[in-house]
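Asks: Residues per chain, in single letters:
Protein chains: 4
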Amino acid sequence: MNRKLRMGMIGGGKDAFIGAIHRLAANMDGLIELKAGALSINPEIAQDSGRSLFLEEDRIYTDFKTMLEKEAAQPADKRLDFITIVTPNFAHFEPAMMALDKGFHVVVEKPITFTLDEAKQLKAKVEQTGLTLLLTHTYTGYPMVKQARAMVKNGALGKIRKVWVEYPQGWLSKLSEREGNAQAAWRTDPKRSGKSGCFGDIGTHAANLAEYISGQKIDKLCADLNIMVEGRMLDDDGAVLLRFDGGAAGVLMASQVAAGEENALKIRVYGEKGGLEWAQHEPNTLLVKWLDKPTEIYRAGAGNPHLDSFATHNCRTPGGHPEGYLEAFANLYRNFALTLQAKIDGVPPTMGALDFPSVDDGIRGMAFIDMVVKSSASQEKWTKFEI
Amino acid sequence: MNRKLRMGMIGGGKDAFIGAIHRLAANMDGLIELKAGALSINPEIAQDSGRSLFLEEDRIYTDFKTMLEKEAAQPADKRLDFITIVTPNFAHFEPAMMALDKGFHVVVEKPITFTLDEAKQLKAKVEQTGLTLLLTHTYTGYPMVKQARAMVKNGALGKIRKVWVEYPQGWLSKLSEREGNAQAAWRTDPKRSGKSGCFGDIGTHAANLAEYISGQKIDKLCADLNIMVEGRMLDDDGAVLLRFDGGAAGVLMASQVAAGEENALKIRVYGEKGGLEWAQHEPNTLLVKWLDKPTEIYRAGAGNPHLDSFATHNCRTPGGHPEGYLEAFANLYRNFALTLQAKIDGVPPTMGALDFPSVDDGIRGMAFIDMVVKSSASQEKWTKFEI
Amino acid sequence: MNRKLRMGMIGGGKDAFIGAIHRLAANMDGLIELKAGALSINPEIAQDSGRSLFLEEDRIYTDFKTMLEKEAAQPADKRLDFITIVTPNFAHFEPAMMALDKGFHVVVEKPITFTLDEAKQLKAKVEQTGLTLLLTHTYTGYPMVKQARAMVKNGALGKIRKVWVEYPQGWLSKLSEREGNAQAAWRTDPKRSGKSGCFGDIGTHAANLAEYISGQKIDKLCADLNIMVEGRMLDDDGAVLLRFDGGAAGVLMASQVAAGEENALKIRVYGEKGGLEWAQHEPNTLLVKWLDKPTEIYRAGAGNPHLDSFATHNCRTPGGHPEGYLEAFANLYRNFALTLQAKIDGVPPTMGALDFPSVDDGIRGMAFIDMVVKSSASQEKWTKFEI
Amino acid sequence: MNRKLRMGMIGGGKDAFIGAIHRLAANMDGLIELKAGALSINPEIAQDSGRSLFLEEDRIYTDFKTMLEKEAAQPADKRLDFITIVTPNFAHFEPAMMALDKGFHVVVEKPITFTLDEAKQLKAKVEQTGLTLLLTHTYTGYPMVKQARAMVKNGALGKIRKVWVEYPQGWLSKLSEREGNAQAAWRTDPKRSGKSGCFGDIGTHAANLAEYISGQKIDKLCADLNIMVEGRMLDDDGAVLLRFDGGAAGVLMASQVAAGEENALKIRVYGEKGGLEWAQHEPNTLLVKWLDKPTEIYRAGAGNPHLDSFATHNCRTPGGHPEGYLEAFANLYRNFALTLQAKIDGVPPTMGALDFPSVDDGIRGMAFIDMVVKSSASQEKWTKFEI
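Residue numbers (full-length UniProt numbering), protein chains in the order written: chain A, 1 to 387; chain B, 1 to 387; chain C, 1 to 387; chain D, 1 to 387.
Calculated directly from the structure, the hints in this document are not laboratory data. Here the structure is a predicted model, which is why all the values come from computation and not from measurement. Keep in mind that a hint or two might mislead.
A pair holds if it fits inside one copy or across any two, identical chains being indistinguishable in the list.
[What the hints assert, rightly or not] The calculated lysine-lysine pairs, modelled on DSSO-like cross-linking and capped at a C-alpha distance of 30 Å, are:
(1) Lys293 with Lys14
(2) Lys220 with Lys123
(3) Lys273 with Lys191
(4) Lys4 with Lys70
(5) Lys125 with Lys343
(6) Lys191 with Lys174
(7) Lys195 with Lys174
(8) Lys174 with Lys159
(9) Lys273 with Lys195
(10) Lys153 with Lys120
(11) Lys343 with Lys14
(12) Lys65 with Lys14
(13) Lys153 with Lys123
(14) Lys174 with Lys220
(15) Lys273 with Lys174
(16) Lys65 with Lys4
(17) Lys384 with Lys220
(18) Lys220 with Lys374
(19) Lys266 with Lys220
(20) Lys153 with Lys174
(21) Lys125 with Lys191
(22) Lys293 with Lys70
Model the full assembly from the supplied sequences, consistent with the hints where possible.
Replies: Printed below as a string of structure tokens:
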């Protein structure tokens, strides 16, 4: 392929958090360029944001429908390859469906849609169009998460028995949604966020990570969701007992009222022969624990001979040059871009390129939200995980 | 008081683990001397063990009844002050009752008895005799655990919302009880250990620590106990959702099949204003997290001006001279000894001296075991914590 | 400014390490686009590399002179703004001088030149042309390094007494330069690397960081450089005692034979009231130690209220989303780009934008190399730091 | 042996720091009992201290000469086995010599004497009497220090190239000796402490540890000692470049004005194949770094199969039950006691028992003090280490 891929963006104006992250991630490897945007429904913000990103004037839009209509009509040498959707949860489905209909590949911020039903429709659309969808479950983009998955998969730990995953944050310890915090406002609002707050926002990340690394799927669960801050409308805390289809037992803990915690996603997986521990705060380290010999510190790094090829493929720097959240995010975009390049070039993508979260992860995420909400309201101990 | 306290020991022969720990802990501060022992029911081991501990020949016994009979008849200047019981769980109750009947104070290794009912009888006996009982829940003897408790108590964190406590070990990852491991053999045997394995052994420590620091009592729980190693007779793993009487929600995780873990007890407590994190592997550090300012690293150390008096009272060395498990254990003995000294001298003990686990902790521990076993067998989500 | 800045690159073909890092860093924030390159003197590599970076065919060059000649003649709407030079040390000076002569701003990988004399000539050229030069001393681009510098500057620690800086790597523990390692080959070759190996490569980083944070300049030093691997031509290890002009004493340790170390740059600074500790392996944390209160853990993060404005300016993500080496590198490029934008727009750059290493840092770095080599060969204890 | 060893103590009254530590260490293993003391030259403190330690009235003394005279005349079944000397540095020599003359084994707190010459006389006395002397260089008592030494010795790391040892404390950051701090007063007073402050107090520990682990002896050095706090009479800070007799190069850094540091002794040793890192703050961990495979975390613990026998011999608890400073100190006493027991029983002591610092360590320590003071005053770079 002899050109960068062309990206359009829906949402992500100047005042938004995650849109900027997507752009940093898409920029990093020089494979993608932003060419059009409906960055805000506020015309002034849309305009300002587009200009500061050096968009051409006529490719700055204020509504996504106009953008998709007009951009679909661009000539081949200007045509967008894919659309990134970074609006609040309730506004993912419609633009995603329309983008696919117009022939664009799609990147969606998680959770994939507002409801499980929408997610299913989206999956049908992806299958029908043959287009590619990337769901940005960032944390599976880290090289040492890839390494962990590979070590489970190749049996280094033996049969997996335990999965403990936790995701404490503290930023909703107060009723910030009433104090002018825009992020807090939409994320705690059932009309914009969905039927779960904390578990929709971060619990799904934890569940996705647990299944990704363990190679097992959640089979049944027992949830206890809480609203810890008086006056809040959605859960801000909770814990879930898990049973996996491969026989593992687990616990998933998530909280946004763990005062003083930043974004402390952490997972531990134990098998018959050893265990793994990975924490997002120090993402380049994977602790590998053994029954009969000392714990080993695996470290990320291009050229590190003891790493699996999937881990190596997702490193840019040699060991000791820490890569972080943006690189993990960029790995999603890079693998997505390599897959699109291969499609465009008519060649099969490499395995590594194909390793990114997709619409199936989105459906499991939406089902997870449904199941924890259902279980939390139930007096029965176990709720079967059904899609 | 112008002499050391005199200790007799039941159990704890050469081949045992915890007896040696008790002796190290009792020796450390020079307040106690071992004077008699029924250290083993195996006469040879009893004899050897007693001699290697420099006991006088006529105070080495092979059964506890003879020892208690004969020692009760010693003259005042030789009479034992207290009896330490370090036999397996099923053999705590009888010697403890008899020791109290003979007028000796008692130290018992946890869990206090084999059944909750025995624990209640023991409590009645303690109250009736007016004697003092120390239950060696070691982990509350650490200075930074005292500090954590004090900070919760004085309101530094605001109302407590969350308690996460975990206790992973890996030493039962194989069926070691069939491979000649004596420790494993009795701890996984319902006849010697009780109705729970992992939760009787270490789950109770975690529950005790959670209640001690949070100042709240477990009110209801939802348990999922597992036998992960085929052929085992008692749980070796599990997790419990918790609700506390003060409004906190919590999770307790314990496992003896977390391959590669040593003894990784850890607790996190979050309130409205901040959180605490303490891990037994690095016991001299307490992380104090705040909503609005940087996390602080509190460190143990005599003379450390920012520590609570209960923490300081339980430090022997200045900051940076790490104290560990044996010192925590010795704190229990020291506080117990100071309490006995005060009793003997007819003066009121200091608050710090009184701060050690006692028969009430034992009863809650036994009830905890009952409740988790009951809950784990139930299809109902919540089981009320009742004694 | 309504367009991205245009970059040309000299060196950095497919097989090189640092060129790719520069491109990642330049891409990240969407302010810069690569438009021309003399990426290798090997025509095939130059061609391949240029194409894989989507350069237009006629802007792919095989020698820097041709590139600078032709690019200087481009019309305004295509003209390069600056040239990045990522060749080995001996090939920095000539292209840098020529680029400045042609009116391009310049980015140079460190060390700035091959000799101190060249560095001085380059400084004269920068001053004469009024153009801007960025020297990529990466480590001062980290937000928590900015924070450390700010805390020293504002007197939080009192007068600085101690600076300990260390930079252990292990990758030259064997005679890799004879085993086909191209990086090792040129870096240990006096003809390509200069008069020092380890101290030219990483010792200069440590010295730069020490002066940047402490705000004091090295005044005299006592060096002990070593060649630890037999057959090597340049130092691969050493240590230096330091005295600073502000009264601090210090130690600088650097090694490339610290087997098992990756890239473990670390600095500690102590003043009358407290100390700072920062390690590149966990760059988002700054330990702030105090004489009379607990150590604090400062953490990077946009919007973190207790950070200095220079630190905040160099964060892209909220706390708990780790930024790493590439972001630190990108901070250099971003601040350089913001400075060029301001120049082009005819407005004054912000203070934060101006905060990047420049030709003066380059001169001090070259002098540092001269001084440690001189001192190491001397029997005198102290060598005065002179430029 | 069928009794505890009997200890007498000189110095270590109620108000002293290190005397209490010695007693805790001597008590722990139940091998030693304190039977007599000249604990203070202040009669009231001596009396109070002796009583609180349950000494018999007639074995409480106020001067060491009387004590040694009278105790030498005790009958065999009461006679002291050894004398522990915990007075300030200037008052070590005389009681040590006299104790040996009276036939007592001796324990001396470090530094062994006030001058190198005294140390040599003491050595002659030890050799002449055939008695045993323990010098309490605590830090070599840690099991993971034993492990480190063993791994160097058995060649696991290849030839040792680098030794970095550091010992930062912050407690003398102010002129505390003028503010009523008794510890600070004598330690900074040349008449009581000797010719060096910081390097006599903690620099010697670092040097001892470096030689113990590396198995190499310091051959020449280049020191830079400082007085950082105005008005102080002895060095409170410094750094030393080292060359060892086995070819290693090293750095030793020690400071008592590293504000905010507790007692952060740390050592790193690198050989051709790997490196070791041990820090006293987390003493149960030894990081073992390798050129070609992941870093391993060795952990202390009785029964830990991958530990050397010298490490195991010095562990009391299983892995995960942290042992600390007092246990390290107790290891010195225990090995000394086992050696005395063997002597008394007329059997050869085990190798492990013999592994404690002795008069030769004391002589090297005193020579180290002399050499760093001499080097620091010299304009020559290198000073030969001579005894």
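Asks: Tell me, please, which holds for lysine 174 and lysine 220 at an alpha-carbon limit of 30 Å: within, between, both or neither?
Replies: Cα proximity of lysine 174 and lysine 220: across copies only (26 Å, versus 32 Å in one copy).
Asks: For the identical chains here, do lysine 273 and lysine 191 meet the 30 Å Cα criterion within one copy, between copies, both, or neither?
Replies: between (47 Å within a copy, 29 Å between copies)
Asks: State whether the alpha carbon distance between lysine 125 and lysine 343 is at most 30 Å within one copy, between copies, both, or neither.
Replies: within (18 Å within a copy, 50 Å between copies)
Asks: Is it within a copy, between copies, both, or neither that the alpha carbon of lysine 65 lies no farther than 30 Å from that of lysine 14?
Replies: Within one copy, since 20 Å is at most 30 Å while 42 Å is not.
Asks: My question is about lysine 153 and lysine 120: at a cut-off of 30 Å on alpha-carbon distance, are they close within one copy, between copies, both, or neither?
Replies: within (28 Å within a copy, 50 Å between copies)
Asks: Is it within a copy, between copies, both, or neither that the alpha carbon of lysine 293 lies no farther than 30 Å from that of lysine 14?
Replies: between (52 Å within a copy, 27 Å between copies)
Asks: Under a CA distance limit of 30 Å, which applies to lysine 220 and lysine 123: within one copy, between copies, both, or neither?
Replies: Answer is within: at 23 Å inside a copy they meet the 30 Å cutoff, but 42 Å across does not.
Asks: Under a CA distance limit of 30 Å, which applies to lysine 384 and lysine 220: within one copy, between copies, both, or neither?
Replies: Classified as both: same-chain Cα gap 4 Å, cross-chain 23 Å, threshold 30 Å.
Asks: Given identical chains, is lysine 293 near lysine 70, meaning Cα to Cα at most 30 Å, within a copy, between copies, both, or neither?
Replies: neither (62 Å within a copy, 49 Å between copies)
Asks: Could you place lysine 153 and lysine 123 in one of the four classes (within, between, both, neither) given a Cα distance threshold of 30 Å?
Replies: Intra 27 Å, inter 53 Å, cutoff 30 Å: intra-copy only.
Asks: With 30 Å as the alpha-carbon cut-off, assign the pair lysine 273 and lysine 174 to within, between, both or neither.
Replies: Between copies, since 9 Å is at most 30 Å while 43 Å is not.
Asks: Is it within, between, both or neither when you check lysine 65 against lysine 4 at 30 Å Cα-Cα?
Replies: The answer is both: 24 Å in one copy and 28 Å across copies each meet 30 Å.
The structure fails hint 22 only (numbered hints given earlier).
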